[in-house]
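2 protein chains.
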Amino acid sequence: MVYINENFTKLQGSYLFAEVSKRVKEYQQKNPSKKIIRLGIGDVTEPLPPSVIKGLEKAVYEMGEKETFQGYPPYEGYDFLRNIVAKVDFESRGVQISPEEIFISTGAKEDTANIQELFSINSRLAIPDPVYPVYVDSNVMAGRAGDFKDGRYDRVVYLPCTIDNNFSPALPGEKVDLIYLCFPNNPTGKALRREELKKWVDYARENGAIILFDAAYEAYIREEDIPHSIFEIEGAREVAIEFRSLSKTAGFTGTRCSYTIIPKSLVAFDKRGNKYGLNSLWLRRQSTKFNGVAYIIQKGAYQVFTEAGRREIKKIIDYYLENAKIIGNGIKSIGLSYSGGINSPYVWVKIPEGLTSWQFFDELLEKYQVVGTPGAGFGKCGEGYFRLTGFGKREDILEAVERLSKFKV
Amino acid sequence: MVYINENFTKLQGSYLFAEVSKRVKEYQQKNPSKKIIRLGIGDVTEPLPPSVIKGLEKAVYEMGEKETFQGYPPYEGYDFLRNIVAKVDFESRGVQISPEEIFISTGAKEDTANIQELFSINSRLAIPDPVYPVYVDSNVMAGRAGDFKDGRYDRVVYLPCTIDNNFSPALPGEKVDLIYLCFPNNPTGKALRREELKKWVDYARENGAIILFDAAYEAYIREEDIPHSIFEIEGAREVAIEFRSLSKTAGFTGTRCSYTIIPKSLVAFDKRGNKYGLNSLWLRRQSTKFNGVAYIIQKGAYQVFTEAGRREIKKIIDYYLENAKIIGNGIKSIGLSYSGGINSPYVWVKIPEGLTSWQFFDELLEKYQVVGTPGAGFGKCGEGYFRLTGFGKREDILEAVERLSKFKV
Chain A
1 MVYINENFTK LQGSYLFAEV SKRVKEYQQK NPSKKIIRLG IGDVTEPLPP SVIKGLEKAV
61 YEMGEKETFQ GYPPYEGYDF LRNIVAKVDF ESRGVQISPE EIFISTGAKE DTANIQELFS
121 INSRLAIPDP VYPVYVDSNV MAGRAGDFKD GRYDRVVYLP CTIDNNFSPA LPGEKVDLIY
181 LCFPNNPTGK ALRREELKKW VDYARENGAI ILFDAAYEAY IREEDIPHSI FEIEGAREVA
241 IEFRSLSKTA GFTGTRCSYT IIPKSLVAFD KRGNKYGLNS LWLRRQSTKF NGVAYIIQKG
301 AYQVFTEAGR REIKKIIDYY LENAKIIGNG IKSIGLSYSG GINSPYVWVK IPEGLTSWQF
361 FDELLEKYQV VGTPGAGFGK CGEGYFRLTG FGKREDILEA VERLSKFKV
Chain B
1 MVYINENFTK LQGSYLFAEV SKRVKEYQQK NPSKKIIRLG IGDVTEPLPP SVIKGLEKAV
61 YEMGEKETFQ GYPPYEGYDF LRNIVAKVDF ESRGVQISPE EIFISTGAKE DTANIQELFS
121 INSRLAIPDP VYPVYVDSNV MAGRAGDFKD GRYDRVVYLP CTIDNNFSPA LPGEKVDLIY
181 LCFPNNPTGK ALRREELKKW VDYARENGAI ILFDAAYEAY IREEDIPHSI FEIEGAREVA
241 IEFRSLSKTA GFTGTRCSYT IIPKSLVAFD KRGNKYGLNS LWLRRQSTKF NGVAYIIQKG
301 AYQVFTEAGR REIKKIIDYY LENAKIIGNG IKSIGLSYSG GINSPYVWVK IPEGLTSWQF
361 FDELLEKYQV VGTPGAGFGK CGEGYFRLTG FGKREDILEA VERLSKFKV
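Chains A and B are the protein sequences, given in the same order. Following this note's numbering from start to finish, the first sequence increments by one per residue and tops out at 409. Following this note's numbering from start to finish, the second sequence increments by one per residue and tops out at 409.
Derived by calculation from the structure, the hints in this document are not laboratory data. Possibly wrong hints are sitting among the right ones.
[Claimed, not checked] Chain A regions said to be covered by chain B (calculated; three or more residues, Cβ under 8 Å):
(1) 82 to 93
(2) 128 to 139
(3) 240 to 246
(4) 324 to 338
(5) 345 to 359
(6) 368 to 378
[Said to hold, decoys possible] Cβ pair distances, simulated, as ranges:
(7) E67(B) to K314(A): 21 to 29 Å
(8) K66(B) to F80(A): 27 to 35 Å
(9) D270(B) to F80(A): 44 to 52 Å
(10) T9(A) to E174(B): 35 to 43 Å
[Unchecked claim] Beyond 10 Å from chain A on every Cβ pair, some chain B residues (computed):
(11) I4
(12) G64
(13) Q70
(14) E100
(15) K109
(16) S168
(17) R194
(18) R256
(19) R310
(20) G335
(21) K393
(22) V409
All values reported here derive from a predicted model rather than from experimental measurement. C-beta: ideal position from N, C-alpha, C; glycine also.
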C-alpha cells in the first residue's frame, strides 16, 4: 500500500483560481448566451509588444537552422538575459545586483512556491493576510504550516492587512524566520513607501530573518518614493530574495518567464552553525529539479529590456492603470469604497455588509456576468473584500462598470 | 538565524552534468584552440523539424494580435495538445489513456523530480543503479533517501544493472513502495521486452507498489516486442505513472515540453486507509506550484504529433541511431565492449580495467578532446562504464571515432 503526503489533505478546498474558473465555467454552461466579463484571475489581455514578437520570431527561425539551433539552456538562464536584467532593472536604479545573482525561471509562481525547499521544515513563517495563496499552500504541502484550525494554519504567523492599518502590515509580534512580502500588493493593491519597506529590512537584519519579496507588480509603480526593488533599501542584500516576473510587466502570463534574485551575500545555517550561501543552494536546487527556460522564450524576454521594449510595455501598463482608475471610479459611484488602483492593477473593493465575498462573487456573476475574485480566497482578513483587476480590454472594462452601475448597496 | 533544509547537505558533489560542464569549460579555457566534441550530456543537435517551426511561427504571430493573444495556459496543458497525444501515443497503439490523464509540463526532469512530493516521506524507494541522477537527488532533498554511507543512501533499495544481469534489474528483495524505472534506459541503453516489463507490473500489483516509469527514450525503439509505454502492459493503469518528453523525441531540449500520464485508476492512501486519486493530487500540485507551459511551445509541440511531424522526427531519430551504431562499431574496433546503441541513443562502454570512470573521462577529454559521461556519476554500479551518446552531428561523430581509434587499451 502506497501512502500519500498527508500534508496535501491539509489544503483548504481547491486552489483559489481553479475554484473561480470552475464556477464561471458552470455558469457559462448553464447560460451559454450571456457574455461574461472576467476581471477575476488577473490575467493580461493586451498582445505581446512588437519588439518581443520580433525577438521570438528570430529565435524560432534560429531553432530551425543547424548553425543556430540551441539545446539545453543553462539552468540559471542565458547570460544575454541575466546581463540585461542586471543593467536595466538594477544598475540603472543604482542597485548593486550582478548577473550571477539572477536566476531565470518559468514563473514567479513556480519560484515563490519552490523557494521554501531551501529552508528547514521548522522555519517559522510570517505571511500577510490577505495574500496570494501560493505562499501558504506551498508551505502547507511541505508540512511547514501546521494544522488548519479556525480559518488559520497554526504554525503560521499571520500579518493582517486591513483598512485599519491601511493595508500595511505591522511587524510580527513573535520570532519568525521567513517573511513573505508582496508589494505592490496582490490582492490589496497597496504599495510601500521607502520608509515602510525599510522597516522590514531593518527588522529582518535585527532578528536574523529572511524576506521573500514578491515584486511581480513593480512595473505598475508610478509614484516617486516607492522602491521598485527591495534591494533599493540599504542592507537588503543580506536579508532578502526578490521575485520578479514578466507576466504582468510584459504580458507574459501565457509566455512564462520570470526571474529571482538571490544575492551572494545572503546566507543561512545548518544546526552546527555552518554557513551556506543561498545563491549556491538555489543553483543546486535548480540544476537538479529544473532544466531552464526555453531559448525562444528567453530571446523574447530579452526584448522587454531593450529601449524599444521598455517604451512598448510602459504604454500597455499605462492602459491597464487607466482601466483600474475607471473601475475605481465606477466602484465609488455606486457607493462602495476601495483601495489600490494606483501603482497597481488591483482594485480592492470593500463589499457591502451582510454579504460574504463568495456571495458577492456569485451575485456579480449571476446578475451582471462580471467576474472578480472573492477576498476570502486570499485569507481570513480578505473576507469583506473583493478583488477587481485593471487587466482587460477597455470596452469590456467600460461595459463592466456600466453593468455594475445598476448595483444597489 | 535562518536554518537550511539540511537534506541538501546530504547530496553528493554537484549535479552530475553540472560537474561535467565545469570540467569541460575549464579544459577549454586552458586550451582555447582545441576543438572539443561533446558526446556527454546527451543533448540533441539537429534543428527543430520544419512542422514544429511552422507551428511555433504561427503561435508567435497569434501572441502579437489582440484577437488571438493567449494569457495563462491551463495548468494541465491545452486540450488541443492533450487530445492529440492521447490519440497518437496511446489510442493508435491500442492503449486506453484519456486526455484528462495527460499533464503537459516543461520537462520530464521537472516532473520526475517533483512527483515524489505526492508521497509519504516514509515511502520506501527502489531505484536502479546506475540511474539518471534526478530520481535519487530529488528524494535526497526531500529527506526520503536517508544518509549516504559507503556510496549508497541507506533508505534506498538499489536495483543493480550490470553486465551480469544484462542490465535488466532483478525484482527488489524487500518491500518497497515506489519503483523508478527508465526504459529504454539512461544510461545503459537497455530496452525491456514485453515479458520483462510485465514482470514489474505484476510485482507492483501483487505488492501494492507504484512504478514511476520514465519513457523519455521510447521514440528510439525500433524492434518489435518492446513496449513503447508501460500502459501497453495489462494492469499497469492501477500501478504506474509514465513520464514522456519531446526533448529527445523531437529536439526539444532547448524548447522544453514533456507530458506525464497519471491514470484516474491510480490511487494511494492516507494512514486511516482513505483512498486518494493520484491524478487529482497531481492536479492540485500543479495548479498550486506551476502555471502551465507557454502557449507558443504547446503549439509547436502539437506539430510533433501530426503526420508530417511524425515523419520528420523519425528521420532525425534514425540519424541519431545511426550515429550510435557508428560509435558502437568504433568502440568495438579499439577492443572495448559496450551495450545499448539499439532502441536507444546511448552507448554504454565497458572501460579498461584499472581506470575509474572519471579518470577515463579526463583521459578522453585531455588526449582526444572527446567528452562522455563517467558511469560513476550514475551510481556505484556505473563505475567501470562510460556513457557516449548518438546525439551529435555526423561529422563530429566520425571525427570522435577517428580520434578514439588511437586509444590503446
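Hint check:
1. 82 to 93: Contact hint for the region 82 to 93 of chain A vs chain B: violated, 0 residues under 8 Å.
2. 128 to 139: holds (count 4)
3. 240 to 246: Since three or more residues must qualify, the claim that chain B covers the region 240 to 246 of chain A is violated, with 0 doing so at under 8 Å.
4. 324 to 338: violated (count 0)
5. 345 to 359: violated (count 0)
6. 368 to 378: Violated - the region 368 to 378 of chain A has 0 residues with a Cβ nearer than 8 Å to chain B, which falls short of three.
7. E67(B) to K314(A): 21 to 29 Å: holds (23 Å)
8. K66(B) to F80(A): 27 to 35 Å: holds (29 Å)
9. D270(B) to F80(A): 44 to 52 Å: holds (48 Å)
10. T9(A) to E174(B): 35 to 43 Å: 28 Å Cβ-Cβ, so the 35 to 43 Å window is violated.
11. I4: Violated: least Cβ distance 5 Å, not greater than 10 Å.
12. G64: violated (4 Å)
13. Q70: Check fails; 4 Å does not lie beyond 10 Å.
14. E100: With a cut-off of 10 Å, E100(B) remains clear of chain A, as the shortest Cβ separation is near 15 Å.
15. K109: It is violated; K109(B) is separated from chain A by about 5 Å at its closest Cβ, not greater than 10 Å.
16. S168: holds (24 Å)
17. R194: Answer for R194(B): holds, closest chain A Cβ roughly 25 Å.
18. R256: violated (4 Å)
19. R310: holds (18 Å)
20. G335: holds (32 Å)
21. K393: Violated, because the least Cβ-Cβ distance between K393(B) and chain A comes to about 8 Å, which does not exceed 10 Å.
22. V409: holds (32 Å)
When the structure is compared with the earlier hints, violations turn up for hints 1, 3, 4, 5, 6, 10, 11, 12, 13, 15, 18, 21 and for no others.
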